[in-house]
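Chemist: Just so you know, the protein sequences line up as chains B and D, in that order.
Under my numbering, the first residue of the first sequence carries the number 1, and numbering increases by one thereafter.
Under my numbering, the first residue of the second sequence carries the number 1, and numbering increases by one thereafter.
Possibly wrong hints are sitting among the right ones.
[Said to hold, decoys possible] With a straight-line cut-off of 30 angstroms between C-alpha atoms, the simulated DSS-like cross-links for lysine-lysine are: (1) D/Lys115 / D/Lys262; (2) D/Lys262 / B/Lys114; (3) D/Lys165 / B/Lys116; (4) B/Lys116 / D/Lys262.
[To be verified] Rough simulated footprint, nothing fancy, chain B against chain D, three-plus residues with beta-carbon under 8 angstroms: (5) 103 to 111; (6) 218 to 228; (7) 264 to 272.
Source of the hints: derived by calculation from the structure; they are not laboratory data.
These figures come from a predicted structure and were not determined experimentally.
Even glycine gets a Cβ: it sits at the ideal position worked out from N, Cα and C.
Listed below are the residues making up each chain.
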Amino acid sequence: MAATATLARVLRARFTPLIVLAALMVLVPVLAPSSFHLRVAALVWIFALAALGLTILMGYAGQVSLGHAGFVGIGAYAVAIGPARLGLDPLLCLVLGAVLAGAIAYGVGRPILKLKGYYLAIATLGFGVIVALVLHSEAEITGGPDGMAVSRLSLFGWRVTGALNWYWVTSGALLIGALLALNIAASPTGRALRALHDSEVAAAGTGIDVGAKKLAAFVVAAVYGAVAGGLLAAMNGLITPEAARFSHSIELVAMVIIGGLGSVFGTVVGAAFLVVLPQMLTALQEYEQAVLGLLIMVFMIFLPQGIVPSIRAYFLERLP
Amino acid sequence: MSEFLQLVFSGLTVGAIYALIALGFTLIYNASDVINFAQGDFVMIGGMATVFLMSAGLALPVAAFIAVVASVGVGLLLHRLAIEPARGASPVTLIMITIGASIFIKGVAQIVFDKQFHSLPAFSGDTPIPVGGATLLPQSLWVLGTTLGLVVALYLFLEHTLSGKALLATAANRLAARLVGINVTLILAMAFGLSAAIGALAGVVATPITLTRYDIGTLFALKGFAAAMLGGMGNPVGAVVGGLLIGLLETFGAGYVSSTYKDAVAFLMILFVLFFLPRGLFGGRSVERV
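Produce the entire structure from the sequences given, and follow the hints as far as they go.
Modeler: Printed below as a string of structure tokens:
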């Protein structure tokens with residue numbers, strides 16, 4: 001009896017997702033030490049970091065974005081262009097990319113966050129398409145459709161190379177991102193975001209500055225996307241406009257929803273689902289895409305709340 | 001002047017295709033509140049199936065008819081196997097299901113068909129018709145005529161048949177529709193079937209101009225969604241006007257601004273319109289209740 005009560009308390013505790021995530025991060029290199037597996041795991045952490053931005057924007061604040069990959073592209077190209085064209089330090093460019101993405105989100109967000117629902121979706125989609133087009137077309141700066149090489153990242157004199165080192169760097173970035181996301185959820189801002197998610201009129205009635213809070217969530221989401229994009233570019237050593245394309249925005253939204261909208265750990269599970277699954281399905285060759293689409297449908301039909309909240313609810317219902 | 005007229009012709013042709021896709025979005029959205037991201041894939045099925053049936057020796061009308069029927073079948077299956085079992089799920093979950101369906105349809109299409117670009121011969125030859133210094137391709141007339149025909153047929157169906165009125169009633173208020181004895185599930189299935197038919201027909205007439213491939217649906221879904229939103233989601237007139245406008249914006253953007261940035265021109269205009277009319281051109285005023 002005491003054991004089940006403890007389990008229920010653990011499931012409800014705020015930092016449980018963070019501890020489980022950290023444990024997973026330590027376990028992966030032990031269970032799957034090949035550089036291929038570590039590289040796939042690092043990709044999962046990077047995409048989870050990008051999707052965490054959407055968890056805050058969509059899951060907490062209830063604002064849809066179909067252009068999130070645009071911010072990933074901005075962050076990625078900041079890390080690519082800064083060192084190559086301006087001779088700046090890559091780490092500085094990662095920070096500058098995040099600042100730039102935040103500033104653009106602030107400028108773009110002010111007018112478009114007045115839109116609601118699907119109208120916001122089409123406006124953010126348009127923003128993403130325009131970013132992807134610019135990256136695609138300004139070949140003199142961005143290298144055009146072939147993309148450009150990215151110089152190595154060094155953290156305070158330590159040059160990050162090799163799959164294992166990148167695995168730890170991306171793990172650290174995701175842990176910090178997840179901690180911040182959990183803290184935002186528990187902060188007054190997080191409560192305000194959830195209030196305006198339920199009803200903007202009611203939230204405004206209780207004294208919440210709805211416009212400012214939505215804008216804050218949009219800017220934070222953009223910074224998450226840009227940092228993830230910068231890490232992606234630096235790890236791969238190459239970046240193409242594909243990073244900002246529309247279908248990539250859709251993938252990021254899919255991660256958030258499949259894992260469980262608004263759940264931090266669910267976002268990581270969703271990212272793992274959409275990064276690892278295609279790798280496993282390559283064995284099926286031409287059936288890969290069909291099976292991927294089928295699995296997405298099956299999961300959404302049978303676990304409509306997303307994987308993590310559905311499992312959590314299953315256990316909580318059966319515990320005291 | 002002749003250049004202007006030429007751009008109008010090609011803009012209206014592309015716009016008519018977008019308008020048909022936007023109409024498909026509108027029908028399903030009205031009946032079920034779902035944005036069906038597999039809408040563009042119906043266009044692909046219409047085009048690809050016609051291409052492959054014709055290369056198997058069938059005449060164009062027969063091939064096109066079978067392609068449309070096949071697409072309707074896919075639409076009904078999508079509703080029966082994927083949307084109906086998830087009844088009561090949130091709109092984002094339902095949209096995710098249609099995105100999964102879109103990936104699935106593309107995956108199956110590259111096995112059933114192939115991964116190459118295909119085209120159809122123009123229905124009435126390639127001799128351009130001179131009009132006021134510009135030229136009009138006969139296939140453009142086919143596209144415009146089909147769009148006009150479908151819009152009129154859809155209007156007559158919705159306003160003058162019992163099934164059409166049941167669909168409108170379901171769109172207005174699903175619970176009330178159920179209370180007066182309308183079989184809402186059947187109406188939803190009908191909306192998916194109709195959307196699939198409209199999409200497939202658009203694919204058949206558009207393929208000689210746009211070409212087709214297993215993954216062409218993504219682009220069409222994006223443009224059709226944009227058109228539906230520009231017009232005001234849920235409004236059939238808005239969908240048609242939005243589609244034509246996006247076609248014209250794109251073509252004029254390509255002609256007078258830059259061909260690489262034609263999509264940017266179209267989307268900047270959408271942002272501009274939504275800034276002043278946040279519910280699209282025909283969306284009406286926004287009202288929120290607590």
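Chemist: Now tell me, hint by hint, if it's right for this structure.
Modeler: Status of the hints after comparison with the structure:
1. This hinted pair checks out: D/Lys115 and D/Lys262 have alpha carbons roughly 26 angstroms apart, not beyond 30 angstroms.
2. Under the criterion of a C-alpha separation no larger than 30 angstroms, the hint pairing D/Lys262 with B/Lys114 is consistent with the structure, at around 26 angstroms.
3. Between D/Lys165 and B/Lys116 the CA atoms are separated by roughly 29 angstroms; this keeps the pair inside 30 angstroms, and the hint holds.
4. For a cut-off of 30 angstroms, the pair hint linking B/Lys116 to D/Lys262 stands: about 26 angstroms separates their Cα positions.
5. Note: the segment 103 to 111 of chain D has 8 residues with beta-carbon separation from chain B under 8 angstroms; the three-residue rule is met and the coverage holds.
6. Note: the segment 218 to 228 of chain D has 4 residues with beta-carbon separation from chain B under 8 angstroms; the three-residue rule is met and the coverage holds.
7. Against chain B, the segment 264 to 272 of chain D contributes 5 residues with a C-beta closer than 8 angstroms to a partner C-beta. That satisfies the three-residue criterion, and the hint holds.
Checked against the numbered hints above, the structure breaks none of them.
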